[in-house]
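Novice: Position chain B against the provided structure of chain A, taking the given hints into account.
There are 2 protein chains.
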Amino acid sequence: MRIPLERSGTVPLYTQIERFLLCAITSGNLPVRTRLPSARQLAADLGLSRMTVETAYAGLEAEGLVTREIGRGTFVLPPASPAMPQGDSPESWPQWQRDLTVSCASWRDAAGAPSAGDDAIRFDTGTGDARRFPVEELRRTMLSVLRRDGRSALEYGDPRGYAPLRKTMAQVLSAQGLQASENDVLITSGSQQGIALVAQLLLRPGDTVVVERPTYGAVLGLFRAIGLRIVDVPVDRHGMQVELLEAILQRSNPRLIYTIPNFQNPTGSCMSTQRRKELVLLAERYDVPVLEDDFVGDLRYDGRALPPLKALDRSSNVIYVSTFSKMLMPGLRAGLVLADGPVLEILSELKRLTDLATSNMIQRALDAYVSVGRYEAHLRRSRRVYAKRRDAMARAVERSLPAGTTFDMPSGGLFLWIRLPEGHSATAILARARARGVRIAPGGEFFADGEEGDRFIRLNFAAFTPEEIDHGVSEMGKAIGHLR
Amino acid sequence: MRIPLERSGTVPLYTQIERFLLCAITSGNLPVRTRLPSARQLAADLGLSRMTVETAYAGLEAEGLVTREIGRGTFVLPPASPAMPQGDSPESWPQWQRDLTVSCASWRDAAGAPSAGDDAIRFDTGTGDARRFPVEELRRTMLSVLRRDGRSALEYGDPRGYAPLRKTMAQVLSAQGLQASENDVLITSGSQQGIALVAQLLLRPGDTVVVERPTYGAVLGLFRAIGLRIVDVPVDRHGMQVELLEAILQRSNPRLIYTIPNFQNPTGSCMSTQRRKELVLLAERYDVPVLEDDFVGDLRYDGRALPPLKALDRSSNVIYVSTFSKMLMPGLRAGLVLADGPVLEILSELKRLTDLATSNMIQRALDAYVSVGRYEAHLRRSRRVYAKRRDAMARAVERSLPAGTTFDMPSGGLFLWIRLPEGHSATAILARARARGVRIAPGGEFFADGEEGDRFIRLNFAAFTPEEIDHGVSEMGKAIGHLR
Chain A
1 MRIPLERSGT VPLYTQIERF LLCAITSGNL PVRTRLPSAR QLAADLGLSR
51 MTVETAYAGL EAEGLVTREI GRGTFVLPPA SPAMPQGDSP ESWPQWQRDL
101 TVSCASWRDA AGAPSAGDDA IRFDTGTGDA RRFPVEELRR TMLSVLRRDG
151 RSALEYGDPR GYAPLRKTMA QVLSAQGLQA SENDVLITSG SQQGIALVAQ
201 LLLRPGDTVV VERPTYGAVL GLFRAIGLRI VDVPVDRHGM QVELLEAILQ
251 RSNPRLIYTI PNFQNPTGSC MSTQRRKELV LLAERYDVPV LEDDFVGDLR
301 YDGRALPPLK ALDRSSNVIY VSTFSKMLMP GLRAGLVLAD GPVLEILSEL
351 KRLTDLATSN MIQRALDAYV SVGRYEAHLR RSRRVYAKRR DAMARAVERS
401 LPAGTTFDMP SGGLFLWIRL PEGHSATAIL ARARARGVRI APGGEFFADG
451 EEGDRFIRLN FAAFTPEEID HGVSEMGKAI GHLR
Chain B
1 MRIPLERSGT VPLYTQIERF LLCAITSGNL PVRTRLPSAR QLAADLGLSR
51 MTVETAYAGL EAEGLVTREI GRGTFVLPPA SPAMPQGDSP ESWPQWQRDL
101 TVSCASWRDA AGAPSAGDDA IRFDTGTGDA RRFPVEELRR TMLSVLRRDG
151 RSALEYGDPR GYAPLRKTMA QVLSAQGLQA SENDVLITSG SQQGIALVAQ
201 LLLRPGDTVV VERPTYGAVL GLFRAIGLRI VDVPVDRHGM QVELLEAILQ
251 RSNPRLIYTI PNFQNPTGSC MSTQRRKELV LLAERYDVPV LEDDFVGDLR
301 YDGRALPPLK ALDRSSNVIY VSTFSKMLMP GLRAGLVLAD GPVLEILSEL
351 KRLTDLATSN MIQRALDAYV SVGRYEAHLR RSRRVYAKRR DAMARAVERS
401 LPAGTTFDMP SGGLFLWIRL PEGHSATAIL ARARARGVRI APGGEFFADG
451 EEGDRFIRLN FAAFTPEEID HGVSEMGKAI GHLR
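Protein chains in written order, with the numbering used here: chain A, 1 to 484; chain B, 1 to 484.
Everything labelled a hint here was simulated from the structure, so no lab data went into it. Just so you know, these numbers come straight off a predicted model, no measurement behind them. Any given hint might turn out to be false.
Remember, identical chains collapse to one label, so a pair may be satisfied in a single copy or spanning two.
[Stated by the list, open to error] Keeping only pairs whose Cα atoms sit at most 25 Å apart, straight-line, the calculated SDA-like set for lysine to any residue is:
| # | residue 1 | residue 2 |
| --- | --- | --- |
| 1 | Lys277 | Lys478 |
| 2 | Lys388 | Leu244 |
| 3 | Lys277 | Arg19 |
| 4 | Lys478 | Glu452 |
With the rest of the complex left out, here is chain A (with noise of 0.2 Å):
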């Protein structure tokens, strides 16, 4: 145990202990029957005679605070009073923490944060239905990959990523119309680190990215973050307005260019084979990098699968990020990056400065798990199962939500996007549904700016069964109705 004391102050040290000892006791963080170190122990560790530390002992006896049983040693006693208080006043802080309240304003809270799980039905949520994670299966596959790989499974590992998993990945991408080998892909924490990585190395605060319109709430909060300008572009049914971009890659020089052509998060929309080529071809010819977000590209449910970017892109202009959290088990915190040229091998260097590396375990795990064919296997279960999820929602919608609400059909993915007949707001709706047990997103997180989101709202149809969304858009609708 290391307790500071002042040992040239005036405040004898056996006071100095007991106060320190008083107070870990009374905030809880010694608990009831923790046995404090013996005072031949903690005399020793500071470095002071064993009748100082006993001294010390014998106050918070006095107290009430602890116990002594001969030969045993000395216990916490359960509480006579609740915890002191915590003083937490702003004046307290230093003028550094101040300013960085204010200088962090414009991106917190900004993408709203999931807040714990409680028993609402979470048509918020961003992810498939965790009741249907393949639980059981991940479990046996880790067990087996411990005694397998025993403690190297715990060592730090390549921070690229497990080889074995970059190149199983290499072989599923390869399935996705991406010619890859394993050392074009870093293995990452999730997606989320693999956009994170690309904007830590390529963006500097001032500089312009492209977005679309609307997008990705916790990317906006992360280039918010940064301190970048975000200058966006429409979605349509096509996805992005490509034919809008070239205007603005001309007028503002932007460093990169985020997109998610499949099943566009929030809107659901896929962008055209067409655009696609357009987008790629106009990289190339204003020299700017793409960030292309596959999140739930292989959650097709009907139509034709589209070529990603990345095959399509003939000059090292993509950067292509991907996951495994949304399908399969988000706590797991696995993605990946493939990319050709420079870019890859320094997006690795940086990654290892960030955190060294995914956790080793976790990778070969997945490893296992996806190499026998199981998560493909999931993949096929779980389409069958959302697309008729979808179907669900949509019919939901056009009988419990007022008349003149629109929303474009999506092919796939996991979210339906709705738009509010005139006059409806989203942010108010949502706490009246919120009181009725249900939990929505609400579309300004979307928009980089304006009020323009607040005639939306985005519901995930994949993480419920049929009968949940119906109660649960059904509550919606009543919480409407009230707001009338």
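Specialist: Below, chain B without anything else, positioned relative to chain A:
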């Protein structure tokens, strides 16, 4: 399977499919014995007639790349020739990628990344002895956590970290003189991520940061990657020479002071209590945050425990980071940040924007492991073993390295920092020692600039048995002898 197709081009669709698959097979992305999708399936995926796909498959069969087995499917055959070479010449990279290699030159390779494991004696490693990691106990803990928590362990958790783990950590920290509650703790992917988050939040390109001279190489690399101005303060056997700091604070207006007060990396020195107090006082007077890296603070072998800076900090200027990686399980990636005031909450939000959260399952396993006292027991055993190894390393250096080699005996931690006699070069020794099966960390990695570092070598004594240490240092001695 997604295949990028040029539908309006002059190349027939079946040729495009055939070429795509040819590349996938010859590059190894479609491994031998892979079953291709049925022609019917692929045709549906691509929105083509089945005949088009059949034609492509027939072409591949004619080329000897696949075999069609009636009633079973189409399978990839072993390659007749080696994989195609991949063009990867600098001329083919876009300009922004070429610029990147120039702008990143200052920090790439700065901090020598440990290369993939080989059979060498790795005195350059930065962790404890992997053979002592409690693999079997962790395996059982993880298993029981997955059994107990099931799918909740696989969902995203609280971005600040799993609440019970934060509470456990607060209790562990209170045994080190830190009065903390769970709300003062943020769980990160190792302390490296804690440091990276603090840097990303508080520092902008061109800002000045104060570090120790020498200091941890991966943090120097990180600070260079951000584009910081690095000012260093020399370390002696009592840690950072804090008496030199005030002049720097007046002159350079730094935005952060980074320090490793306990068993400093690489020198092994401990900052004296007097300097600790002075540093905290200066931080308050000059309104500068201090980042305290306590990466092995609990690995003390002798002498008196000293209070963390954070325990002396009455004005919320110190941000404390620590980790379990060095001692327990680097591959799990778990660390923590302890701070008070708004900075902790803002760091938590930045953490969420950076990678959403640290693996929930790993946090639960770690909590279960630490809570039952296993971590403390592991620590006690490791201290006993490592103290003996430190002594063995000191004796071996005195016995086998040239006269005039000096070092200060560290009272804890992982490293012995040796200074070579006049005329010796660590870089020169590096290659020679490597040829003899010994890896060392040359001193230059730990200095922000200058060649001063080349007189030093950092040796890890904790990861090897006394016999391995004797052998390794003796081989180092021979390597140095050959250089004379």
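Novice: Each hint: holds or not?
Specialist: These are the hints, each one checked on the structure:
In this assembly of identical chains, Lys277 and Lys478 lie within 25 Å of each other by CA distance neither inside one copy nor across copies; the values are 45 Å within and 61 Å between. Taking CA atoms no more than 25 Å apart as the test, Lys388 paired with Leu244 passes in neither setting, with 35 Å inside one copy and 69 Å between copies. With identical chains, the CA atoms of Lys277 and Arg19 are at most 25 Å apart between copies only, with a shortest distance of 19 Å across copies and 70 Å within one. Within a single copy, Lys478 and Glu452 get their C-alpha atoms as close as 24 Å, which meets the 25 Å cut-off; across copies the closest is 73 Å, which misses it.
In this structure, the earlier hints numbered 1, 2 are contradicted, and the remaining ones agree with it.
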